[in-house]
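Number of protein chains: 2
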Amino acid sequence: MGFTKKHIFDAQQNQIASFTKMLGHPARVSIIQHISQNKNCNCNTLVKAIGLAQPTISQHLAEIRNTGLLKQTVKGKNLFYSIDQDKLNACRRVLNDFFVKTQINSSK
Amino acid sequence: MGFTKKHIFDAQQNQIASFTKMLGHPARVSIIQHISQNKNCNCNTLVKAIGLAQPTISQHLAEIRNTGLLKQTVKGKNLFYSIDQDKLNACRRVLNDFFVKTQINSSK
DNA sequence: TCTTTTAATTGTGATATTGCAATATTACGT
DNA sequence: ACGTAATATTGCAATATCACAATTAAAAGA
Chain A
1 MGFTKKHIFD AQQNQIASFT KMLGHPARVS IIQHISQNKN CNCNTLVKAI
51 GLAQPTISQH LAEIRNTGLL KQTVKGKNLF YSIDQDKLNA CRRVLNDFFV
101 KTQINSSK
Chain B
1 MGFTKKHIFD AQQNQIASFT KMLGHPARVS IIQHISQNKN CNCNTLVKAI
51 GLAQPTISQH LAEIRNTGLL KQTVKGKNLF YSIDQDKLNA CRRVLNDFFV
101 KTQINSSK
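Protein chains in written order, with the numbering used here: chain A, 1 to 108; chain B, 1 to 108.
Just so you know, the hints here were simulated from the structure itself, not pulled from any lab data.
Do not take every clue at face value.
Heads up, the list lumps identical chains together, so a pair's fine if it works in one copy or across two of them.
Listed below are the simulated DMTMM-like cross-link pairs for lysine to aspartate or glutamate, each with C-alpha atoms no more than 25 Å apart in a straight line [claimed, not checked]:
hint, residue 1, residue 2
1, Lys87, Asp97
2, Lys21, Glu63
3, Lys5, Asp84
4, Lys21, Asp86
5, Lys21, Asp10
6, Lys39, Asp97
The whole structure should be built from the sequences, with the hints applied where relevant.
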């Protein structure tokens with residue numbers, strides 16, 4: 001087959017999987033960390049800092065962007081990225097809820 | 001290429017990516033939820049509850065097991081799974097640390 | 001011993017992901 | 001208009017993932 005059978009799972013399970021799948025690559029973890037720690041972080045900055053080719057970084061950025069975690073600001077030739085804190089908090093809450101439920105019920 | 005260049009990232013980034021990658025499939029999210037909510041949960045239970053074929057469930061279980069998140073108890077013919085709470089807590093702390101750092105520094 | 005149950009393993013086809021070179025696009029500077 | 005810088009897109013090869021049928025392995029019960 002090769003594709004995930006998403007339809008047999010509920011919305012919350014797919015949401016958790018979607019966010020963690022996006023985080024499931026060290027380059028994307030690193031990109032998010034860089035953006036959160038540096039103002040005026042653009043694609044070139046990330047290419048130099050991380051050491052992957054420009055198309056590769058651009059592609060990872062697109063995947064992060066697709067989850068809604070990034071905000072963009074155009075300044076001249078540059079496209080600066082920042083983290084959408086509301087979206088990040090929402091993801092954090094969903095994951096936290098998952099952890100809480102996975103812990104409480106297991107103590108029965 | 002096709003493979004991840006893990007060596008250019010640090011241990012923490014790879015650890016976050018490794019755990020979230022494991023969580024990045026709704027079947028594995030569902031399996032973990034089932035195990036945490038039911039005592040005496042075995043492979044067959046999960047096959048019936050989730051609706052994927054036995055080898056598929058077994059394979060997902062193996063991926064979760066490889067991150068160290070599962071404990072096993074043999075009772076007769078059955079192999080019951082439970083969540084390793086220490087491991088889960090460790091993953092939770094690492095992820096929480098990631099969230100905190102991603103939020104605090106972005107407010108500068 | 002033979003059958004049944006439980007679960008892991010193997011093999012395979014389909015699809016997705018990773019990474020990059022080459023190219024295209026867009027906008028700024030001259 | 002032209003050159004340059006920044007980034008996205010395209011195309012491609014290598015590898016990984018997903019799902020399952022068939023098989024194997026191990027243990028329980030008759």
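For each hint, the structure was consulted:
In the homo-oligomer, the alpha carbons of lysine 87 and aspartate 97 lie at most 25 Å apart both inside one protomer (15 Å) and across protomers (17 Å), since each shortest distance falls under that limit. Taking identical chains as interchangeable, the C-alpha atoms of lysine 21 and glutamate 63 lie at most 25 Å apart whether they share a chain (10 Å) or sit on different chains (14 Å). In the homo-oligomer, the alpha carbons of lysine 5 and aspartate 84 never lie at most 25 Å apart, since the shortest distance is 29 Å inside one protomer and 27 Å across protomers. Proximity of lysine 21 to aspartate 86 under the C-alpha cut-off of 25 Å is found in both arrangements, the shortest distances being 19 Å within a copy and 23 Å between copies.
Both within a single protomer and between protomers do lysine 21 and aspartate 10 lie at most 25 Å apart by alpha-carbon distance, with minima of 16 Å and 19 Å respectively. Taking the closest pair of Cα atoms, lysine 39 and aspartate 97 come within 25 Å of each other only across two copies (20 Å); inside a single copy the shortest separation is 31 Å, beyond that limit.
Consistency with the previously given hints fails for number 3 only.
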